[in-house]
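Undergrad: Here are the chains, one letter per residue:
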Amino acid sequence: MVGSEGLSNRLLNIYLPLVFYVVFLLFPFYWMTIVSVKPTNDLFEMKYNPFWIQKFTLENYRYLFENTAFPEWVKNTLIVSVVSTIVSLGCSVLIGYALARLRFPGSNFLGVGIFLAYLVPPTLLFLPLAQVIAKLGLYNTYWALILTYPTQLIPFASWLLMGYFRTIPKEIEESAMADGCSRLQILVRMILPLSIPGLLSAGIFSFTLCWNEFLYALIFMSSGSMKTIPVGVVSDMIKADTLFWGSLMASAVLGSFPIAFLYSFFVKHYISGLTAGAVKG
Amino acid sequence: MGVSQAIARKGEFRGGAVSAKSLFERESSLGVILMLPGALLLMVFMAYPFFLGIWLSLTDSGIGRPGEFIGLRNFVDLLDDSIFHQTTRNTFIYALVTVPFKAALGLGLALVLNNRMRFSSPVRAAVMMPWIVPTALSTLGWFMIFDPVFSPISWLLKNLGLISKNINFLGDPTLAISSVCLANIWRGTPFFGIIILAGLQAVPAELQEAAAIDGAGMWHRFLHVTVPHIKGVVLIAGLLSIIWTFADFQLIYVLTKGGPANQTHIFGTYAYQIGLSATEIGVGAAIALYMFPILAVFAIILLVYLRREE
Chain F
1299 MVGSEGLSNR LLNIYLPLVF YVVFLLFPFY WMTIVSVKPT NDLFEMKYNP
1349 FWIQKFTLEN YRYLFENTAF PEWVKNTLIV SVVSTIVSLG CSVLIGYALA
1399 RLRFPGSNFL GVGIFLAYLV PPTLLFLPLA QVIAKLGLYN TYWALILTYP
1449 TQLIPFASWL LMGYFRTIPK EIEESAMADG CSRLQILVRM ILPLSIPGLL
1499 SAGIFSFTLC WNEFLYALIF MSSGSMKTIP VGVVSDMIKA DTLFWGSLMA
1549 SAVLGSFPIA FLYSFFVKHY ISGLTAGAVK G
Chain G
2 MGVSQAIARK GEFRGGAVSA KSLFERESSL GVILMLPGAL LLMVFMAYPF
52 FLGIWLSLTD SGIGRPGEFI GLRNFVDLLD DSIFHQTTRN TFIYALVTVP
102 FKAALGLGLA LVLNNRMRFS SPVRAAVMMP WIVPTALSTL GWFMIFDPVF
152 SPISWLLKNL GLISKNINFL GDPTLAISSV CLANIWRGTP FFGIIILAGL
202 QAVPAELQEA AAIDGAGMWH RFLHVTVPHI KGVVLIAGLL SIIWTFADFQ
252 LIYVLTKGGP ANQTHIFGTY AYQIGLSATE IGVGAAIALY MFPILAVFAI
302 ILLVYLRREE
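Quick mapping for you: the protein sequence lines, in order, are chains F and G.
Sequence positions in the first sequence follow the working numbering and run 1299 to 1579.
Sequence positions in the second sequence follow the working numbering and run 2 to 311.
The hints are simulated quantities; they were obtained by calculation from the structure and are not laboratory data.
All the pointers check out, no bait thrown in.
Just some of the chain F residues that point at chain G, by a computed CB distance under 7 angstroms:
id	residue
1	L1422
2	P1448
3	A1558
Okay, the calculated bits of chain F under chain G, using three or more residues with CB under 8 angstroms as the criterion:
id	stretch
4	1385 to 1395
5	1427 to 1439
6	1501 to 1511
7	1516 to 1530
Positions of the beta carbon are idealized from the N, C-alpha and C atoms, including for glycine.
Given only the sequences and the hints, what does the whole structure look like? Please build it.
TA: So, in structure tokens, the structure goes:
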């Protein structure tokens, strides 16, 4: 008796709400995916159940690779994301170490400054920044994004790595210094190898943010062949009055896939990265 | 180790090498040197544009047309602009209405996920997807879900006999703001969910058990054991979410571009339209800067709270 009561309780308190959340949070992905593998004509057939696939086709994906600049957008996004991630991680390791371990004039002030930079949204800066990019002659070059993305990534990554470095016992460093190692040698040979999980968190988080960025890419990369995936899909695939829903959804699915894939491999690192700022310990 | 010591000592005899090396050894100078590369990028591409934006907002600059100083005229003119009024209202609705929904739904999600159950790790991973994947792309899914012709919601309601005509989610001026809010709530719920879940997992199990043994009911335990433990993370997540939502751009840009009839314009999209599409950079910069004091208030609350916690 007790067991069955427990089961119906669990059903009501856990599984029912869980079903609601799974449907609410995953339905848009389900919808995008099934539309992307339907022939366009099937969409107009109102007697078909739109929640299911009547005829399966990869035509929309083929169209994407043969008739649009999608492959170039993938290349651009990949280059920009990888390079900005490396630049940001490099800068953030140095900042994180300096703020975690070294006492120097202005360190407190700089720490707060970095935290505030984390809260500065791109929408506040994009108009003047567009002028800076134009003056430097960087429009429609990878540099426009490679140099500006780190401003969104460094604050977060430095903060995360600083927290990570602080968990490493100081004694390790002190004994190495007694042995004559310099600070930089310690950083490279001892701190970094011990911080690989933190570096992974910061790295995949930075990569994801670069891949997903929209506003700067929209403004700084206006030429069709230089666009990133989100901007290319949104501005070049939605044109005519009759939308090619199938290929539009196919491009959204394909553009999201690498991030979803990366994420499912590194869930733990994502979550520890995400919660690092909000939860202590 | 002896070798590097020997090298260091050897260096002492060469004047230049010593000063360069000691620059990297003294904490005070090394700290500054390590800050430099990142700080330089932040100065050139964040701090400088910020001040340039203030200057631009005080001029009548257009694209390719250097402006002249006009004082606060852009800011004053905006106060008489009815679209700007609408934009301000929309932004506050968008940021302040969605956050309580995201927090409440996120809390529910976290409480559900905190139970032991089968397949808990793939489920946890899957429900995070709205927060992880590119927003511009997932918003395209919503763009179709909200389509006047192809909306699956309309199809379902029509087949259930609840409506006779398709719903115009994004084209109807009164409905559009609710629709964009719904998409935003969808996107932000997992963020709250995962942060609150981390907070829940930090609640000592003994505390829950002790309260249960004392005969505290589920609701009582939630209020007196769970809530005090997660209050802090909910507050932090809430403040971050308000700041991000307030300064959003892409979700609205993809769904409505601010329409219909400016009913969904927020600061970001209106600044874009005036600053770039209408090439009034000075006015656009002023619109964006109107966000600043509001963002600053939330940022300071967050900063003060975090400092106090330390």
